[in-house]
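Asks: In case you want the letters, here they are:
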Amino acid sequence: DGGITQSPKYLFRKEGQNVTLSCEQNLNHDAMYWYRQDPGQGLRLIYYSQIVNDFQKGDIAEGYSVSREKKESFPLTVTSAQKNPTAFYLCASSMLRGRSNQPQHFGDGTRLSIL
Amino acid sequence: GQQVMQIPQYQHVQEGEDFTTYCNSSTTLSNIQWYKQRPGGHPVFLIQLVKSGEVKKQKRLTFQFGEAKKNSSLHITATQTTDVGTYFCAGPSNTNTGNQFYFGTGTSLTVIP
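Each protein sequence line maps, in turn, to chains A and B. Residue 106 in the working numbering sits at position 106 of the first sequence; the count goes up by one each step and never skips. Residue 1108 in the working numbering sits at position 108 of the second sequence; the count goes up by one each step and never skips.
The shape of chain B in the complex, shown without the other chains (with noise of 0.2 Å):
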């Protein structure tokens, strides 16, 4: 079946330190979305990335969606405490019948100050 695997499970860095989760798919995708879970909370849209090969940046985070469209990564510079939390990718369903996603693992990312 279709699945959206993210390594690693779990980062712990000091802070400034750099962190980048990845997201691999078992199938073409045609965009992938990213989202970010504060401890307690619930998972918050961050990007959709949707082009072959994009890079997109927000402040220090830099997403990028593979040449094939099957992988796609987060990137962030010099990590801050408020960086903590888990990191999800999500890839839409095969059928795409509508607006069904296949979230990944995620990755939790712990900032130690």
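Same shape as in the complex, but just chain A (with noise of 0.2 Å):
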């Protein structure tokens, strides 16, 4: 089956700790994303790719840092400058097609907690 696919399901910091969180899609979708989830909140955008080797960041870039080396893997880097990095991060993918908005398909996310 064609997906995305997030691990860890649940990763713990320590402090002044970087962790990694994965994502890895095989629906061949051109552009990658990942958003930042809290508590009764909407979706918040950190990073997004729209081709391998490029990227741009989001709204709350700070403290975070991504790679896009393959079209298939996007990960993203929680750094120790990140003071309240305690959310659920979500990674999703879509086509693009021109000026075109086309639906992101989601991962089942990450939830992440300070030790």
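Please note: incorrect hints may appear among the correct ones.
Part of the chain B face toward chain A, derived, beta carbon under 8 Å [said to hold, decoys possible]: (1) Asn1031; (2) Gln1033; (3) Pro1043; (4) Gln1048; (5) Pro1092; (6) Phe1103; (7) Gly1104.
Derived lysine-lysine pairs resembling DSSO-like cross-links, with alpha carbons at most 27 Å apart [to be verified]: (8) A:Lys71 / A:Lys57; (9) B:Lys1036 / A:Lys57; (10) A:Lys9 / B:Lys1036.
For the record, the hints were derived by calculation from the structure and aren't laboratory data. Since we're looking at a predicted model, the values are computed, not measured. Cβ atoms here follow ideal geometry from the backbone N, Cα and C, with glycine treated the same way.
Dock the two chains into a complex; use the hints.
Replies: Pasting the structure below:
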């Protein structure tokens, strides 16, 4: 089945530690996204990428970093500079068709907590 | 900055009652998407509206895009317990250089059996 796989499902971070969240898709989608969701709130865009080796900051990129070395993969690193990392992280992907907006397909998410 | 607001934030209804959530944008939108997120799950795409005044139906769900393309609504007729979840609208970025969307804050629907 085609889809988006996020791992791990749960992750715990110690003070001063960087952690990396994995996101892989086999939908052959060009665009990939990372969102942060806090309890009772909507989705806020962290980073997105439309093509391999290129990515753009979203609204809350500070304290996060990404890479897009392969079309299928878009890992997110939560650095020690992110002082409030506890949240639900969602990865998504979509096709790109010119200026026509396409539906986003989401993974099951990773819940990150501070130890 | 660009904002997409949703009301209400929470809604509790008795099973069989109707439900409506409203989405308002500070800017004109070229289109709007709606997603549903079940408790503990991830958002799932429901529909996209593109035309001014457009109305689309999916069984008991009716989606509407405002004439000015700055607001949208989702109406559920005769709610069922399977309708439980958070409903998000999402509007594209003003720059629209790619497929970047701004998600509303969502409306969490609880259906009481």
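Asks: Each hint should be assessed against the structure and marked as holding or not.
Replies: Now for the hints, and whether the structure bears them out:
With 8 Å as the threshold, the beta carbon of B:Asn1031 comes within range of chain A, its nearest partner Cβ sitting at about 6 Å, so the hint holds. Checking B:Gln1033 against chain A: minimum C-beta separation of about 7 Å stays under 8 Å; hint holds. Given hint, B:Pro1043 at the interface with chain A, holds; its Cβ is 5 Å from that chain's nearest Cβ, closer than 8 Å. Because the beta carbon of B:Gln1048 sits about 7 Å from the nearest beta carbon in chain A, less than 8 Å, this interface hint is met.
With a least beta-carbon distance of about 5 Å to chain A, the hint placing B:Pro1092 at the interface is held under the 8 Å criterion. Given hint, B:Phe1103 at the interface with chain A, holds; its Cβ is 4 Å from that chain's nearest Cβ, closer than 8 Å. The interface hint given for B:Gly1104 holds, since its Cβ lies 6 Å from the closest Cβ of chain A, which is under the 8 Å cut-off. For the suggested pair A:Lys71 and A:Lys57, the alpha carbons sit about 18 Å apart, so the restraint of at most 27 Å is met.
Straight-line distance between C-alpha atoms of B:Lys1036 and A:Lys57 comes to about 25 Å, which keeps the hinted pair within the 27 Å bound. Annotation: proposed proximity of A:Lys9 to B:Lys1036 holds, straight-line Cα distance about 20 Å (limit 27 Å).
This entry satisfies every hint, going by the numbered hints stated previously.
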